[in-house]
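Residue numbers (the numbering used here): -3 to 472.
Some clues are possibly wrong.
The list that follows gives simulated cross-link-like pairs (lysine-lysine, DSS-like), each with its CA atoms no further than 30 Å apart [to be verified]: (1) Lys155 to Lys143; (2) Lys79 to Lys136; (3) Lys191 to Lys218; (4) Lys276 to Lys254; (5) Lys191 to Lys215; (6) Lys220 to Lys276; (7) Lys407 to Lys320; (8) Lys191 to Lys221; (9) Lys215 to Lys139; (10) Lys429 to Lys407; (11) Lys136 to Lys220; (12) Lys382 to Lys276; (13) Lys336 to Lys155; (14) Lys336 to Lys407; (15) Lys220 to Lys139; (16) Lys143 to Lys382.
No lab work stands behind these hints, which were simulated from the structure alone.
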Amino acid sequence: MSVVWADGGPWRLDSLQPTLRPISSVCRMFGRQAGGANPPTVSSTATGAANSGGASGGQGHDKLKIGFCTDLDKSVLVNNFEKRGWHQVNGDDDWHFYWAGVQTCRNIFSVDSGYRMHDNQMINHFPNHYELSRKDLLVKNIKRYRKDLERDGNPLAEKTESNNSSGTRYLYLDFVPTTFVLPADYNMFVEEYRKFPLSTWIMKPCGKSQGAGIFLINKLSKLKKWSREAKGPFHPQIAKESYVISRYIDNPLLIGGKKFDLRLYVLVASFRPLKAYLFKQGFCRFCTVKYDTSVTELDNMYVHLTNVSVQKHGGEYNTLHGGKWSVQNLALYLEGTRGKEVTDRLFGAISWLIVHSLRAVAPVMASDRHCFECYGYDIIIDNALKPWLVEVNASPSLTSTTVNDRILKYKLIDNILSVVLPPDGVPDVRWNKVPSADALGNFELLIDEELAAQEEQHQNSTNAHNKASKMGSRWK
-3 MSVVWADGGP WRLDSLQPTL RPISSVCRMF GRQAGGANPP TVSSTATGAA NSGGASGGQG
57 HDKLKIGFCT DLDKSVLVNN FEKRGWHQVN GDDDWHFYWA GVQTCRNIFS VDSGYRMHDN
117 QMINHFPNHY ELSRKDLLVK NIKRYRKDLE RDGNPLAEKT ESNNSSGTRY LYLDFVPTTF
177 VLPADYNMFV EEYRKFPLST WIMKPCGKSQ GAGIFLINKL SKLKKWSREA KGPFHPQIAK
237 ESYVISRYID NPLLIGGKKF DLRLYVLVAS FRPLKAYLFK QGFCRFCTVK YDTSVTELDN
297 MYVHLTNVSV QKHGGEYNTL HGGKWSVQNL ALYLEGTRGK EVTDRLFGAI SWLIVHSLRA
357 VAPVMASDRH CFECYGYDII IDNALKPWLV EVNASPSLTS TTVNDRILKY KLIDNILSVV
417 LPPDGVPDVR WNKVPSADAL GNFELLIDEE LAAQEEQHQN STNAHNKASK MGSRWK
């Protein structure tokens, strides 16, 4: 297995095997054929490998009546469960499938609970999912991942001169804006800010979502003023809540003069080995007010924040389409305005970003076989068609704001169940988590380290056999 770099030069990356599937397969996720790709990509069995199936481990369950629990009273969940003939039970009853809130999940996995799941139970969160979904921990894990690769001399950690910050940046792993955690990194942030005093930064509380508590700053004095008003000086022992402060992407790609971001759904069936899938029906979320970088609009969240929870309160919000656009429509628009090659490169870079963000947290994740998780990835595209990871949500909203939204989310839940359950539909942790191609529905396999390792082992065995045959032929 070899990495294909932009210049076509091959490298051997044994420490990273396996990585990404071929870029042509990545772009098929969005209904197009691929052209070129900017990041290095790795050939893999990810395409079509799911057809290999495997022992379901769920045989003999014909008469088992499946009980489900859910903390969310959402029709897209309950209707999907009941369609399969499941019946609803309480958390105290004998359940087989639990679509839980994050707090319920923490309670179940806590040492104090003493709860132990059996082989026919599944739950929709990993015990420490927050390593990916908390803004400060996500940044910490990505920084550690890059440093580890750099220390090992891996070419993925190659650096180049930076255009908008001092020093250098990672050439292939530069997909998160420069970010600091406050209060801990306050002095480092000030040092960076003073190098670029005209830059804009965005402040976000680490443990909140849906746009809560977010604001922009372009002056250090504004941050100090906020600190005084919050009565929480930047001191680790005093401040109650951590924030991340990131360089604001002030050159976003605009369509119709408006800023937007991407919401993509990523299903992780296992972190070790890493098995991840991308839902093809992601969408763009648009601001209701045209983008404006003037100081007077710095506090106007209808200009800067794409969250539906924020935009739906704006006077320009459209209840018919909800300010949303399908990823397929975005791809067609970009192919028409920017060209097919750069569009393919963009979507390849998005898949690259997702896989390596998952790789960054895999070593610290508790990869319990009872667990799976659907993450909501929020990605901003700048006007150079470079994708930036903004944040990852462990509980993406299942609330439907439009008819199309309801159809999409119903299909999302249906496809998740088809991927994570064995062929007989009965939760069973002994199953090898290799769904058939038909079971994938609208999901496409991003990476399966187990299948790729098997392919590599088979390839090595074939090469060794061929070499031995050639050596033996010399004596004939």
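Satisfaction of hint between Lys218 and Lys191, Cα-Cα up to 30 Å: Measuring from Cα to Cα gives roughly 17 Å; hence the hint holds.
Satisfaction of hint between Lys136 and Lys79, Cα-Cα up to 30 Å: violated (41 Å)
Restraint check for Lys407 with Lys320, where alpha carbons must lie at most 30 Å apart: holds (17 Å)
Restraint status (C-alpha distance of Lys191 to Lys221 at most 30 Å): Answer holds: Lys191 to Lys221 is near 21 Å, not above 30 Å.
Straight-line alpha-carbon gap Lys143 to Lys382, limit 30 Å: holds (22 Å)
Proposed proximity, Lys143 with Lys155 (alpha carbon, max 30 Å): holds (11 Å)
Agreement of Lys336 and Lys155 with the hint, judged by alpha carbon distance not exceeding 30 Å: holds (28 Å)
Restraint check for Lys136 with Lys220, where alpha carbons must lie at most 30 Å apart: holds (24 Å)
Agreement of Lys191 and Lys215 with the hint, judged by alpha carbon distance not exceeding 30 Å: holds (13 Å)
Straight-line alpha-carbon gap Lys220 to Lys276, limit 30 Å: violated (43 Å)
Straight-line alpha-carbon gap Lys220 to Lys139, limit 30 Å: Cα-Cα ~27 Å, so holds.
Pairwise hint evaluation, Lys139 against Lys215, where the allowed Cα distance is 30 Å at most: Between Lys215 and Lys139 the Cα gap is close to 26 Å, so the pair holds against 30 Å.
Consistency note: the structure conflicts with the earlier hints numbered 2 and 6.
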